[in-house]
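Note that the protein sequences, when read in sequence, are chains A and B. Quick note, my numbering runs 1282 ahead of the 1-based positions in the first sequence. Quick note, my numbering runs 6 ahead of the 1-based positions in the second sequence.
In case anyone wonders, no lab produced these hints; they're calculated from the structure. Any given hint could be a false lead.
[To be verified] Lysine-lysine pairs mimicking DSSO-like chemistry, simulated, CA-CA at most 27 Å apart:
| # | chain 1 | residue 1 | chain 2 | residue 2 |
| --- | --- | --- | --- | --- |
| 1 | A | K1324 | B | K74 |
| 2 | B | K74 | B | K118 |
| 3 | A | K1339 | A | K1365 |
| 4 | A | K1324 | B | K83 |
| 5 | B | K58 | A | K1360 |
| 6 | B | K83 | B | K62 |
| 7 | B | K62 | B | K74 |
| 8 | A | K1365 | B | K62 |
| 9 | A | K1339 | A | K1360 |
| 10 | B | K58 | B | K83 |
| 11 | A | K1360 | A | K1324 |
| 12 | A | K1324 | A | K1339 |
| 13 | A | K1365 | B | K83 |
| 14 | A | K1365 | A | K1324 |
| 15 | B | K58 | B | K74 |
| 16 | B | K118 | B | K66 |
| 17 | A | K1324 | B | K62 |
| 18 | B | K83 | B | K66 |
[Stated by the list, open to error] Covered stretches of chain A, going by a simulated chain B footprint (3 or more residues, C-beta under 8 Å):
| # | segment |
| --- | --- |
| 19 | 1356-1367 |
| 20 | 1382-1394 |
For clarity, every value in this text was computed on a predicted model and none was experimentally measured. For every residue, glycine included, the Cβ atom is placed at its ideal position computed from N, Cα and C.
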Amino acid sequence: EPEVTQTPSHQVTQMGQEVILRCVPISNHLYFYWYRQILGQKVEFLVSFYNNEISEKSEIFDDQFSVERPDGSNFTLKIRSTKLEDSAMYFCASSLQAERTEAFFGQGTRLTVV
Amino acid sequence: GNSVTQMEGPVTLSEEAFLTINCTYTATGYPSLFWYVQYPGEGLQLLLKATKADDKGSNKGFEATYRKETTSFHLEKGSVQVSDSAVYFCALSAGTGGFKTIFGAGTRLFVKA
């Protein structure tokens, strides 16, 4: 069964460092997303991406964040200068359609900023 | 804007008990509704979905009915097992206000043997 894969599963980084979280969405999906979940809390939307551009972003997705689809398979989230409060589980998701359709989620990358 | 409200947990049940987790939503337009489950240490898995009024989504003994008149999508299971212990998220995807998935806060379920 096709699935969304994320690497690494766990990343520890020092405050102020740049991190790149990687995702391989389901191959025929067209819409890509990043969400985050601070430990034990709500799943929060960060950004959606379609046709090689950002479709929508939340208030959380400030200038420190960027996304890219560098080739036909990968979808990345970059945090330019990490802060302690960026520590969270980051989920990548993809969907075939935009409206009213389910998104398929990866297993997540746990980011710990020390 | 679009939002999802679900009952706070944790919910603690004995094995074979009946489960209900309440979920209500606010949406402009006509959303699709979902329940996702997160087992300890794992990602989000789609449990079931419903795309129109009166649809019943079902999977693994869980079911939920899309009630447009009460804007609700309550999750039920007749007999829970220890292996059902997880966090359950009600969610929606709407045609207006963006097409992202919007999640409720999650309800943690503990099932005791």
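Hint check:
1. K1324(A) - K74(B): Within the cut-off at roughly 24 Å; holds.
2. K74(B) - K118(B): violated, 34 Å
3. K1339(A) - K1365(A): holds, 19 Å
4. K1324(A) - K83(B): holds, 23 Å
5. K58(B) - K1360(A): violated, 37 Å
6. K83(B) - K62(B): The hint holds at about 13 Å.
7. K62(B) - K74(B): holds, 12 Å
8. K1365(A) - K62(B): violated, 43 Å
9. K1339(A) - K1360(A): Roughly 14 Å separates the two Cα atoms, so the pair holds.
10. K58(B) - K83(B): Answer holds: K58(B) to K83(B) is near 21 Å, not above 27 Å.
11. K1360(A) - K1324(A): holds, 21 Å
12. K1324(A) - K1339(A): holds, 17 Å
13. K1365(A) - K83(B): Violated: K1365(A) and K83(B) sit about 41 Å apart, past 27 Å.
14. K1365(A) - K1324(A): With Cα atoms ~19 Å apart, K1365(A) and K1324(A) stay inside 27 Å; holds.
15. K58(B) - K74(B): Holds - the C-alpha atoms of K74(B) and K58(B) are around 8 Å apart, at most 27 Å.
16. K118(B) - K66(B): holds, 19 Å
17. K1324(A) - K62(B): holds, 25 Å
18. K83(B) - K66(B): holds, 9 Å
19. 1356-1367: It is violated, with 0 qualifying residues against the three required.
20. 1382-1394: holds (count 9)
Against the hints set out earlier in the document, violations occur for numbers 2, 5, 8, 13 and 19.
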